[in-house]
Amino acid sequence: MSSAETPLLRADGLTKFYGSRTGCLDVSLNLYEGEVLAIVGESGSGKSTLLSLLSMQMEPTRGHVHYRMRDGEMRDLASLSEAECRLLLRTDWGFVHQDARLGLRMGVSAGGNVGERLMAIGWRNYGRIRHEATDWLARVEIDGGRIDDPPSTFSGGMRQRLQIAKNLVTKPRLVFMDEPTGGLDVSVQARLLDLVRGLVEDLGLAAIIVTHDLAVARLLSHRLMVMKAGRVIETGLTDQVLDDPREPYTQLLVSSVLQV
Amino acid sequence: MPPSSTTPALDIHAVAKTFVMHLRGGAQLPVVRGASFVVEAGECVVLGGPSGAGKSSVLKMIFGNYRTDAGHIRVASSGGIVDVASASPREIIALRRSTLGYVSQFLRVIPRISALDLVIAAAIETGADMDTASNRATRLLCRLNLPERLWHLPPATFSGGEQQRINIARGFAAERPILLLDEPTASLDAANRDVVAELVAEQKAKGAAVLGIFHDDDVRRVVADRIVDITRFSA
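Going line by line, the protein sequences match chains G and C.
Each residue of the first sequence is one higher than the last, beginning at 1 in the working numbering.
Each residue of the second sequence is one higher than the last, beginning at 261 in the working numbering.
These are calculated hints, taken from the structure and not from any lab test.
Where a beta carbon is used, it is the ideal one built from N, C-alpha and C, also for glycine.
Fair warning: there could be bad hints in the mix.
Per the computed footprint, the stretches of chain G lying under chain C, defined by three or more beta-carbons under 8 Å from a beta-carbon of chain C, are [what the hints assert, rightly or not]:
#, region
1, 182-196
2, 211-225
Computed beta-carbon distance windows for the label pairs [as the list claims (entries may be wrong)]:
#, chain 1, residue 1, chain 2, residue 2, range
3, G, G198, C, S311, 34 to 40 Å
4, C, T491, G, K171, 54 to 60 Å
5, G, G145, C, L283, 50 to 56 Å
6, C, G312, G, E33, 38 to 44 Å
7, G, Q57, C, S338, 38 to 44 Å
8, G, E42, C, I341, 49 to 55 Å
All chains, please: the whole structure from these sequences, using the hints.
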C-alpha cells in the first residue's frame, strides 16, 4: 500500500512572479498514481504558469516540487542533476503541447518523431523501433501508410495524435497536457478526447491537464482545481466542483457554459 | 472498523445542506436539515415527498457530487466505514468504484463508444471479467428492450428513453452493495418500468441496499420496503 499512499508528485507553496506581476501564488497539491487532475480557469488565471512550474519548464520564485522516482524515492526536482532531469523528461514524463509544432519535429517523419524518444532511452535496433512506432501510430489511429510522412503534411488533429503517441511510447507515469484540444474542430476534439480518455484508463497514467473547457475537465479528470488571478480558489472531486460549485467565481464559470 | 452484520449499509445522520447562490446576491437556498435515516443491506428505501423537497439532493450528497454542510454520511464498504461528508476525493472515487452505484435518468454520452460497450465497461469497473461483463450487458439490454440494431452504435443520437435504458443497464451491470436510483423509471413505458422493478428486486435478493426516488406509485408499491418522507427534514 505504501506506494499507493505516497503521492507521485507533490507541490508545496509554488509561487512565480514575473517582475511585479503574479504568475501563480502559493499553490500546493498532491497527485497520486493513475489520477487525472484538471486545472481550469480563464486565460491569465495562472494555470499555464503552474503547469510550467510543475513540469520543470520554468523555475519557481518560491516553493518546491517533489516527484517519486522509479526507485521509489521522493526527490526535490530542484535537486536533480541535468542528466536526471533529461532522463525524467524523456522517459517518465510526457508533455502534450496545445501547439503540436512545439512537441514535434515538423520536418522529421512521423515514425522518426516517435522513434526519437525510444532512441533517447537507448533503443538501437531499427526494426524494433519501426515496429514499435507503427504500433503506436495505430493506437492513436494514424494510418501506418503515413509513417514516413512528416507531420507538416498532417491535419491538426493528426498532429495532436502523433504528439500523444510520441509522448506515450516510453510508457511514462505522468503526462502534462496544455489545452490538448485547443484550436481543433469540435468533431476532431471529440475523437481526441475519447482517445486520451481510453489511453489514460488503459495505461493507468497520472495526468495534469490544463484547460479552459469545463466539458474536457469533466470527461477526463477525477479532480479539479479552479484558478483565478494566480491562486487556486476551489478544488475537489470534478463532478462535485462542477455540480455544486461553492465559490462565486466557480459558480460564474459553471453557469457561463452554454448548454446544448 | 470493518462493517459488521449489524452495521447499516448506509447511515445518514443529521445531514444539512444549503445552497448559496452567489450570482443571486448570495441568496440562500436551504435544502435539508437534520436528515437522519438508515438503509440496511437487502432492503429498498424510497425517499418520499413532493418535487423540490430535496430528495435528489440527498442522493447526490450520498454519492458525493453535492457537498454536505453538516452531519455524517457513513457508508459501509469492504475497506471499512467511510464518511462521504468528510472523505477526500480519492476516498470517494474508491468508494464509487467498490460500493456506491448511482443511476439517474440522464446518460452522459461519451463520443464514439457504443451502447453495448458502455454497459460492458460499467460491469468491468466492478471487477467482472470480459465474458461475464458482456453476458450481463447483453442480457440487460435485451430485458430492457433496447433494439439490437442500436447496440453497436454510440448513443448520442438515441431518443431520451433509449439513452435512459442504457443508463439503467449500466447501473445494474455494475453490481455494487449500494445502489442509488434517481427516478430511473421516469418516462419509461409500463413494460420497461416492470423490468426495472424486477431488477431492483433481484439486487435486493442479492443483498444490495437500494435507496431510490420513484414518482410512479405502481413501481414504488412494488419495490419499497419503507418510505422515508424527506419533508420531515425540510430546512
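These are the hints, each one checked on the structure:
Look at the region 182-196 of chain G against chain C: 4 of its residues bring a Cβ nearer than 8 Å to a Cβ of that chain, three or more, so the hint holds. Coverage of the region 211-225 of chain G by chain C holds. Counting CB-CB distances below 8 Å, 3 residues qualify, and the rule asks for three or more. Restraint check, G198(G) to S311(C): a C-beta distance of roughly 38 Å satisfies the suggested window 34 to 40 Å. Range check, T491(C) to K171(G): Cβ separation about 55 Å, and the 54 to 60 Å hint holds.
Checked against the given bound of 50 to 56 Å, the beta carbons of G145(G) and L283(C), roughly 53 Å apart, stay inside it. Evaluation of the 38 to 44 Å hint for G312(C) and E33(G) yields a pass: the beta carbon distance comes to about 42 Å. Our hint of 38 to 44 Å for Q57(G) and S338(C) holds, since their Cβ atoms are close to 42 Å apart. Between E42(G) and I341(C) the C-beta distance comes to about 40 Å, which lies outside the given range of 49 to 55 Å.
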